Each structure stands twice: as structure tokens, then as C-alpha cells.
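Number of protein chains: 2
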Amino acid sequence: MKGYEPLLYAASATSAEMLYFGRFWAPDAFVAFGCRKKKIALLNALERVRGEKESVFDVVLPLEAWMARAKQEMRRPVVGIADCIITAAKAYKIKGFCVPADFPIGLALALKKRRMPLIVGASPFFPKQMIKTEEELVLIRQANRVAAKGILAAEAALKEAKIGPGRKLFLEKKPLTSERLRSIIEMACLSLGGQAECIAAGGDQACDPHAVGTGVLRAGELIIVDVFPRMKASGYYGDMTRTFLKGEASDEQRELMKAVRTAQKRAMATVQAGASGKAVHQAAANYFEEKGYKTVTDQAVPEGFIHSTGHGVGLGLHEPLRISSQSQTLLKAGMVVTLEPGLYYPGIGGVRIEDVVAVTEEGFELLSSLHYKWELL
Amino acid sequence: MKGYEPLLYAASATSAEMLYFGRFWAPDAFVAFGCRKKKIALLNALERVRGEKESVFDVVLPLEAWMARAKQEMRRPVVGIADCIITAAKAYKIKGFCVPADFPIGLALALKKRRMPLIVGASPFFPKQMIKTEEELVLIRQANRVAAKGILAAEAALKEAKIGPGRKLFLEKKPLTSERLRSIIEMACLSLGGQAECIAAGGDQACDPHAVGTGVLRAGELIIVDVFPRMKASGYYGDMTRTFLKGEASDEQRELMKAVRTAQKRAMATVQAGASGKAVHQAAANYFEEKGYKTVTDQAVPEGFIHSTGHGVGLGLHEPLRISSQSQTLLKAGMVVTLEPGLYYPGIGGVRIEDVVAVTEEGFELLSSLHYKWELL
Chain B
1 MKGYEPLLYA ASATSAEMLY FGRFWAPDAF VAFGCRKKKI ALLNALERVR GEKESVFDVV
61 LPLEAWMARA KQEMRRPVVG IADCIITAAK AYKIKGFCVP ADFPIGLALA LKKRRMPLIV
121 GASPFFPKQM IKTEEELVLI RQANRVAAKG ILAAEAALKE AKIGPGRKLF LEKKPLTSER
181 LRSIIEMACL SLGGQAECIA AGGDQACDPH AVGTGVLRAG ELIIVDVFPR MKASGYYGDM
241 TRTFLKGEAS DEQRELMKAV RTAQKRAMAT VQAGASGKAV HQAAANYFEE KGYKTVTDQA
301 VPEGFIHSTG HGVGLGLHEP LRISSQSQTL LKAGMVVTLE PGLYYPGIGG VRIEDVVAVT
361 EEGFELLSSL HYKWELL
Chain E
1 MKGYEPLLYA ASATSAEMLY FGRFWAPDAF VAFGCRKKKI ALLNALERVR GEKESVFDVV
61 LPLEAWMARA KQEMRRPVVG IADCIITAAK AYKIKGFCVP ADFPIGLALA LKKRRMPLIV
121 GASPFFPKQM IKTEEELVLI RQANRVAAKG ILAAEAALKE AKIGPGRKLF LEKKPLTSER
181 LRSIIEMACL SLGGQAECIA AGGDQACDPH AVGTGVLRAG ELIIVDVFPR MKASGYYGDM
241 TRTFLKGEAS DEQRELMKAV RTAQKRAMAT VQAGASGKAV HQAAANYFEE KGYKTVTDQA
301 VPEGFIHSTG HGVGLGLHEP LRISSQSQTL LKAGMVVTLE PGLYYPGIGG VRIEDVVAVT
361 EEGFELLSSL HYKWELL
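Residue numbers (the working numbering), protein chains in the order written: chain B, 1 to 377; chain E, 1 to 377.
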């Protein structure tokens, strides 16, 4: 909105918008705002020097000095962060601020009380953040290479594992648990500079798509391995999933795998600039329906295709782009999204396959790369 | 406030309040609220089953069904999360909500527009969260044991390192950089189940307290090693710092180290139920002043004791308790805080020593444990 400058108050360690705006990593919330195309931050003595060196802020204002100035101008012995913002806004002749939808209400009310005009911006707050530059694509590819290494480490462990009594898996004579497999994945990612979180869940556990997995893994069960490392150096995320099975799969499991991989290809085939997020999702969802894979969410344990097909990824793991039945997104070249259809049927198991693509004018470019072999003998 | 029930909308992966309220780990924001001492969450099909199994929510409402109900009751084809909250509030006869100061303004405005009374609560939002149970103290001790292992791994690497030309450190014939030392620390923590972040910064870099460190480390420089792992299993943080020096320290460096350790002891000696956060901070700050260590924040590079003495720690790394000159906190038994005075003088270097204590009626209990030897020959 004209005349309204962006205002953020967040920790860039957890706010992808703040990290994008200032390219400055900070563990605690701080103030940043725009002023006629310039970017300005208010940083305390703990962060200021680093902010001047490492960030893309055009101006770094020392918080302590501006707090003192606020006290003086407002003639009050105690001032808060809102007073400091007001004082800086006055100095920079800013008439009003536009804040993101997740701006903290406490600070917003304090600003309103002091008569600072505020409006709430749309989501995504910085639409340009959704359009990745070539440099960003390089970093996302790199993060996905680390994710792939994590999945490969899991695959190697599953290959090496022996099948013991009760079809339980053993690695180096000790039970191969979900916990252990996750640790193997995470160590592999971390050794490459990626702070990893991951899911390694087998059997019916994997039917709960965000269950990270617990206990001994077994032969004959589908094991979902979903790896989403954040690169420590760049802050960008990778996000990939493969589903494995140690031993021999049942026909039902093979059909499930084939259906998910085909649904992913169907979704991929619809990706191009101008396509809607909804259309991409429906390509996968309709294929499942065609093949008779029913989705039911209103029963005790939901089953079928119970999540959306994908989401934006970049400095945030789940950026505000949705490839879902509700998605209003029209894809543009440079947007980066996951394509991760899945099917979940307790008794048979869960399958999810996830890759990351960049939207192009003509279609898409794959930013993640790893084979799709899954039956491990 | 009477009749106002707590309402949260946050991802528990990044909101310590949400994690405390529901004891349920979720990567994306979801809705949770209280209702006459019960805890209720609205979870989608992706999270619902796991929420029922893993959380302490008394009731888990299926989001999709409540969205449908909102559409029906409001006779609108499209509804949002605010409508869903209103519908649930009506069903549960809730008259108004109390939200934390960091509640997202977008959702707050949507609720206000629909005439839901909202008030903003104080910080900390759940005062009880600041008082740790015995069970929580066990988990924080465990996280600090992992932090200590990370620091020990760094110490071992520094001990083993050889001093090369230009006083540069070499480990196994390759330069020992800050990056490499951090990786050693993080791998050590991760192998014990702690998702680690850390600082390993030497020389003048360490004078910038949040600089994580970059480039080759050198003999004769103070190296700050600050390790704050989050335990994957429990969500609790450890937070410890030691400062090392490879080779022989200068007299100035020894004095600095002695002053910081003494200041930490002075701060510790003031900790007990009833003491103010400010008094604890001043015990350290006054000691530095006595000894002639000046603090200046309003110059290009701030120096001296340029941060506060400590902060609360638990499910959040920086919980809303401050041991600072501005602190309004009155310590209570069961509160857990870091005590981490530091001195930073470019040219000499930086020293920070950090431990975690639980406040008791009589004094404190140390929740972190590691020696204070620092000159590594």
C-alpha cells in the first residue's frame, strides 16, 4: 500500500521473511523496516556489529541510543520497543507501516495506542520471496543434495540390515530402530553442513505422515524416509522423501508405490507458469481416485491421500505457497515447490515420494535428484 | 482474566508456549485453546491421530469437520481458521479469549471482526511454565550434559591441535577453523540426541557475542565455545559456554578470565527465591565496574559487558525471564536461568562463561557441570 513501509519484528532464525529481508541470522526478535527502498534494522549492542558486517541492511541503528532518544523525545523515564519504532519512524518521516499477518499483536497494539497507522499485508508478505533467483536455486539444489545423502545413508543401512526373528531388522547385530535410522540420516546431513530433521517411520506408524517413527523397523513394511535439512551456511531447506521396503513387498504395496509415483508424475506434468496450485494437486488427487484409492478424513484414523501435494520451500520449510485443493496460487516461473503425494492405509502402510521443483515458463526443473528404487533385498 | 480462555495459534516447533501447553510437536501453526481447565486442539488429518496419541490435549477436534461445521453454521461457502475458532468457541460456550503478546495480528483482527472478545495476556503467558518441575529439571540437566560433551569435544580438538606458522592451529594436518570446530561440537551433540547450534569464535570475532566464528583459529587467542543443544526427544535446551586458549595466555587475558569467573560466582551468590533479576545482573556488572572493566555501547564497536547476565531456559532457548539491568523478574524457586557474564575487548579478546542454575528457596542448584580449566598447552 502506498506510503506504508514494511515493518517486521521477528527472529530471523524462525522467520523466513525476516531472514529474506535482511539476510541476517539472529536468534531473538528484532525490529526491521523499509524506508523508500532502503532497509533499516534496530539492533542492540549484542548484534549491531555483526549486523553491519553480515546483513544487507542499508542502515543499522543502535537500539540503545534510539531507546535513549525515545526517552528524551517522549519525556518518559521508561520506554519500550514501540516507542523506539515510533521515534525512528518520525526521524525517517514514515507515515505508516505495513506488517505481516503474523506480526505480534502486543506490539501492534502498542503502536496503535501511539497512533501509528498500521495495515496488515497479504501473504506472502514479500511476493518476490516466492520467486527464486538463480543463486537461490543453487542453494536449494545444494540443500537437496544433502537431503539425498541422508536418504542414501538410510538406504545403505536398510540394505546392510539383516532380518531377524519376527522380521525385525538388525544392523551390526543391534536392532535397527526408527530412532537409530534417523540418527544415521541426521549425522550424514550434519557432516555436510545440513541441520537435519527427518522422519523414518515404518508400517502403520508411517500412516501418520508427521510421526517421526519409533521402535524396531521390520522387513516387509513400507518405511517412509522424509529428510528436510536446513543448510547452516545459507539457511535454505531441502525436502525429499523416499519410501523403502526391506525384503519383498506384497502386491498391494507394489500397487501403492506405483500409484504414488505415477501421481507424482501426473502432478509434475501439470507444473508450469500459469497453472494453478489447485490444478497440480488435483492431477495427483484425481489419479488416486481413478485408481480407486479412496480418501476418508472423517473417521477415527484418516486414510488415503490425506494431505496436500506440496508447499513452497526456500528459507522457510513450509513457505506460503500451497499445492492443495484450496490453493489460490497461480504458479509463476521461479517458484519452488515440493511435489509429495502420498497414500496411507493402515494394514498396508504408507507411501510418500517427494521431490522439489522450480517452476519454469515451459514446465519445471527438478531441484532434487535421487533414484526411485525401493525394494531392498 | 476471568472468563477469558487462553488461545494459541503457533507451531510448537518454534513456540515454547505451544509446546508447553499441549506437549505436542508440530512443524506448522495450529489452534489450541483452554476451556474450563481442559486443553483443546484443532488438528488437521495430517496431525490429528498423532495429536491424540502424543499430546496432553484433553480433546483433539478434527479441523476438517469443524471447517465444514463453520461453513454450515455461518452459511458461507468459504471459511477460514478464525471462523473455525468462533464455531468451536460457540460450541464450548467460550465468551472470550486471552492471547499471548506474539499472537498473530492477522488472526486477531479476523476474530475481532467476528466480534470475538480478545485480550492480550502478560509475559510469560503461562507463568507456571517458568517454574520447572523435578521432571523438567532432569531433562534440562540431560541437555546440559550434552552441551558439556560438545564443549569437551572442542576442548579435545584444541588440545590435540598443533600450532603452525602464524600461530594458526592445525588438526590432523589440516587447518582447525571455527567452522570445523563447530562441526566437531555439533556432531558430538547430535550423536547424543541433541540438535546443536553453537558458537566457536576466536580473537576479535569473539567480541561479537553472537558471531558463530569463521576461519582459522590461532594460538594465543581467547576462543569462546557456546553450545546450546535442543534435545530431540524432549524439546528442552541446554546452554553452556566455556572460553579456551591454546598456548599461553597473556596477563591481560588471565585477568579477564578471572574477572568473568568471579563475576559469575558473584551473580550465583545472589541467586535465591525472592532476589530480583536486576540484583543478580548487578552483582556481575558491579564487580566488573569495581575491577575497572568499563562497558561502552555507544561507540562503533561496543566493548565491556555488553549483554545481560542471563535468561530463562527450558522448552525455549531464551525464555521470557531476564537477568538484566532492566529485569522486573523476582526469582522464584524452580525458575531456571543461565548465568553468563562476559567481557569483550577487541585486541585482547572475549571471555564468556555460562552455566545453568535452578533457583531454590535457599540459593540455587547447578544444572550444568564442567570444569573451568581453559589454558590448553
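One or more hints might be untrue.
Said to hold, decoys possible - Heads up, simulated EDC-like pairs for lysine to aspartate or glutamate below, C-alpha to C-alpha not over 16 Å straight-line:
{"#": "1", "chain 1": "E", "residue 1": "Lys232", "chain 2": "B", "residue 2": "Glu179"}
{"#": "2", "chain 1": "E", "residue 1": "Lys37", "chain 2": "E", "residue 2": "Glu64"}
{"#": "3", "chain 1": "B", "residue 1": "Lys332", "chain 2": "B", "residue 2": "Glu361"}
{"#": "4", "chain 1": "E", "residue 1": "Lys53", "chain 2": "B", "residue 2": "Asp204"}
{"#": "5", "chain 1": "B", "residue 1": "Lys93", "chain 2": "B", "residue 2": "Glu5"}
{"#": "6", "chain 1": "B", "residue 1": "Lys53", "chain 2": "E", "residue 2": "Glu135"}
{"#": "7", "chain 1": "B", "residue 1": "Lys37", "chain 2": "B", "residue 2": "Asp58"}
{"#": "8", "chain 1": "B", "residue 1": "Lys373", "chain 2": "B", "residue 2": "Glu255"}
{"#": "9", "chain 1": "E", "residue 1": "Lys168", "chain 2": "E", "residue 2": "Glu248"}
{"#": "10", "chain 1": "B", "residue 1": "Lys232", "chain 2": "E", "residue 2": "Glu179"}
Said to hold, decoys possible - Estimated spans, in silico, between C-beta atoms of each pair:
{"#": "11", "chain 1": "B", "residue 1": "Lys112", "chain 2": "E", "residue 2": "Gly247", "range": "37 to 43 Å"}
{"#": "12", "chain 1": "E", "residue 1": "Leu377", "chain 2": "B", "residue 2": "Met187", "range": "28 to 34 Å"}
{"#": "13", "chain 1": "B", "residue 1": "Thr295", "chain 2": "E", "residue 2": "Val301", "range": "26 to 32 Å"}
It is worth saying that the hints were derived from the structure and are not from the lab.
All of these numbers come straight from a predicted model, not from anything done at the bench.
Idealized CB from N, CA, C, for every residue including glycine.
Worksheet entry | Given hint E:Glu179 paired with B:Lys232 - CA-CA distance at most 16 Å | Given pair B:Lys232, E:Glu179 holds - Cα atoms ~10 Å apart, limit 16 Å.
Worksheet item: Within a Cα-Cα threshold of 16 Å, do E:Lys168 and E:Glu248 meet the stated pairing?
Response: holds (14 Å)
Worksheet item: Going straight from one Cα to the other, do B:Lys53 and E:Glu135 come out at no more than 16 Å?
Response: The hint is violated at about 43 Å.
Fill in: Pair hint outcome, E:Lys53 versus B:Asp204 [Cα-Cα no greater than 16 Å]
holds (14 Å)
Worksheet item: Quick one, are E:Lys232 and B:Glu179 close enough, alpha carbons at most 16 Å?
Response: holds (10 Å)
Discussion item. So if I understand the rule, the pair passes when the alpha-carbon distance is 16 Å or less; does B:Lys373 with B:Glu255 pass?
Written reply: holds (14 Å)
Practice prompt. Would you check the hint for B:Lys93 and B:Glu5, treating anything up to 16 Å between C-alpha atoms as holding?
Written response: It holds: about 11 Å lies between the C-alpha atoms, which stays within 16 Å.
Item to complete: Verify the proposed pairing of B:Lys332 with B:Glu361, using a straight-line Cα cut of 16 Å.
Response: holds (8 Å)
Discussion item. Assuming the hint says 28 to 34 Å, is it satisfied by the Cβ distance from E:Leu377 to B:Met187 or not?
Written reply: holds (32 Å)
Worksheet item: Do B:Lys112 and E:Gly247 keep their Cβ atoms within the hinted range of 37 to 43 Å?
Response: violated (57 Å)
Discussion item. With the threshold set at 16 Å, check whether the alpha-carbon distance from E:Lys37 to E:Glu64 stays at or below it.
Written reply: Outside the cut-off at roughly 25 Å; violated.
Worksheet item: Are B:Thr295 and E:Val301 spaced within 26 to 32 Å by their CB atoms?
Response: Roughly 59 Å apart at Cβ, these two residues miss the hinted range, so it is violated.
Checked against the numbered hints listed earlier, the structure breaks hints 2, 6, 11 and 13; every other hint is satisfied.
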